[in-house]
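Protein chains in written order, with our numbering: chain A, 1 to 349; chain B, 350 to 459.
Source of the hints: derived by calculation from the structure; they are not laboratory data. Ideal placement from N, C-alpha and C gives every residue a C-beta, glycine not left out. Don't take every hint at face value.
Quick look at which bits of chain A chain B covers, simulated, 3 or more residues with Cβ under 8 Å [to be verified]:
hint: 1; stretch: 262 to 273
hint: 2; stretch: 325 to 333
If you want the ones that stay clear, here's a sample from chain B, every Cβ over 12 Å from chain A, calculated [unchecked claim]:
hint: 3; residue: 364
hint: 4; residue: 365
hint: 5; residue: 375
hint: 6; residue: 403
hint: 7; residue: 409
hint: 8; residue: 415
hint: 9; residue: 437
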Amino acid sequence: MTPVVLLTGFLGSGKTTLLQRLLQDPSMAGAAVLINEFGEVGLDHHLLDRIDDNVVLLKSGCICCTVRGEVADALSNLDSLRARGEIAFDRVVIETTGLADPYPVLQTLTAHPVLRSHFTNGGVLTTVDAVNARLQVEHRAEAVRQIAAADRIVLTKTDLAEPGEDQALRDRLARINPAARIMTTQEPVETILGGFGPAAFAAALVTQEAHSCGPACDHEGHDHPHHHHHAHSHHNAAHHDEALGVTSFSLVIEGEIDWTMFGTWLTLLLHKHGDRIFRVKGILALKGEDKPIAIHGVQHLVHAPTHMTHWPDGPRQSRIVFILEGLSPEQIRRSFAAFTGLSGVRAAA
Amino acid sequence: MCSLCGILGCDDHWTNAIARPGVYTRNHDMPARRAEAARRMKAANDILSYRRVKLDVWQGRSYVVTSPTGASSVFEALSHLWPEAEALAGRDFDPLDDALISWMEARGDA
Chain A
1 MTPVVLLTGF LGSGKTTLLQ RLLQDPSMAG AAVLINEFGE VGLDHHLLDR
51 IDDNVVLLKS GCICCTVRGE VADALSNLDS LRARGEIAFD RVVIETTGLA
101 DPYPVLQTLT AHPVLRSHFT NGGVLTTVDA VNARLQVEHR AEAVRQIAAA
151 DRIVLTKTDL AEPGEDQALR DRLARINPAA RIMTTQEPVE TILGGFGPAA
201 FAAALVTQEA HSCGPACDHE GHDHPHHHHH AHSHHNAAHH DEALGVTSFS
251 LVIEGEIDWT MFGTWLTLLL HKHGDRIFRV KGILALKGED KPIAIHGVQH
301 LVHAPTHMTH WPDGPRQSRI VFILEGLSPE QIRRSFAAFT GLSGVRAAA
Chain B
350 MCSLCGILGC DDHWTNAIAR PGVYTRNHDM PARRAEAARR MKAANDILSY
400 RRVKLDVWQG RSYVVTSPTG ASSVFEALSH LWPEAEALAG RDFDPLDDAL
450 ISWMEARGDA
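Hey, can you work out the whole structure from these sequences and the hints?
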């Protein structure tokens, strides 16, 4: 299976500049790169191809089959060339347009009947412009979806940001997407691209525990400089960014979960509310399993769950992070408990 | 084939088994697959009974949902269960709806 890394980020947020830097690293010599348009930043790479702009979205109402035709065609073409021995590559990087919602591309990798046997989700990298991020996230829904879908958030133009702005932005991004790692373009390439697997995933969830505000936090005493426009509140059990209307919270679950009932519940929840649930990410203790299972979803899409080799440090308890808009964390908690029959379920920030 | 849009090979719900290293599956063999299918059917029917809709297997390969008046709908992949069940019931199954949550809580207490 060839990993596909999705490089996304709002218009002008420095995607191509980051890609240019990544491609200069020797570890990227075996990467094939798909881009939407040739921009002002010159890219020099031997396996570079352009994705056509037309988007094919099947209008049948069948979410499982929503496929971006041009991405599927470009990946199929790469795979055919490789099968014929004309090219060789060990990973693919797709740079999306600045206005793209990453979900349809991820869905293409999962739903396409041929591609899903050859390619796998290699992680979502989202670039965020440290100078203009506030305007972008508050005025463009796509920017929020790109941040929510990220496994890694790469801050760009940090050298141009005002003192204090950088930390305020990091705090805000961590509240929008608590499970993503935040870094700058100055990090080594292996830090930016490496370790998207279950181990990194577990580490992110554990780290999230560390930098989350606890129930006792009054937030006012925090050392987070906040601009008045993005004041946020959290009512003990969730972070809520009022300017964006985005809420993130975790379900923390005592006891072992029945996989079948959990799958039925999450499928139904995403069927009804998937457009408002930007991200679901979790580590689960299942009945009959010693080792944890990682689940990972973006909007209506859930990736195949993966076995983790061991529990991360800390308590052996299930934890599911939700990033959503317009839904009540308490109602989700109550629904989860009612459907799975578990009583020890709490919502935490 | 997906019965809604005609794409081949759509029956790959995320809860299904996928034979790939590291991917979670309980379905190593035929008996385990049958047992998991039966569990799934029961879990779905627990919820569907809220609107008196019933799910069953159709000729060993597909699924059928039936309404209390006898109307039925056949579909090929469990991922289509909820749209099909809602169309048949004429009402939705919202897991965040107070009435459905209370109903599931009452079933759990029984």
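Enumerate the violated hints, using their earlier numbering and listing them in ascending order.
When the structure is compared with the hints, numbers 3, 4, 5 turn out to be violated.
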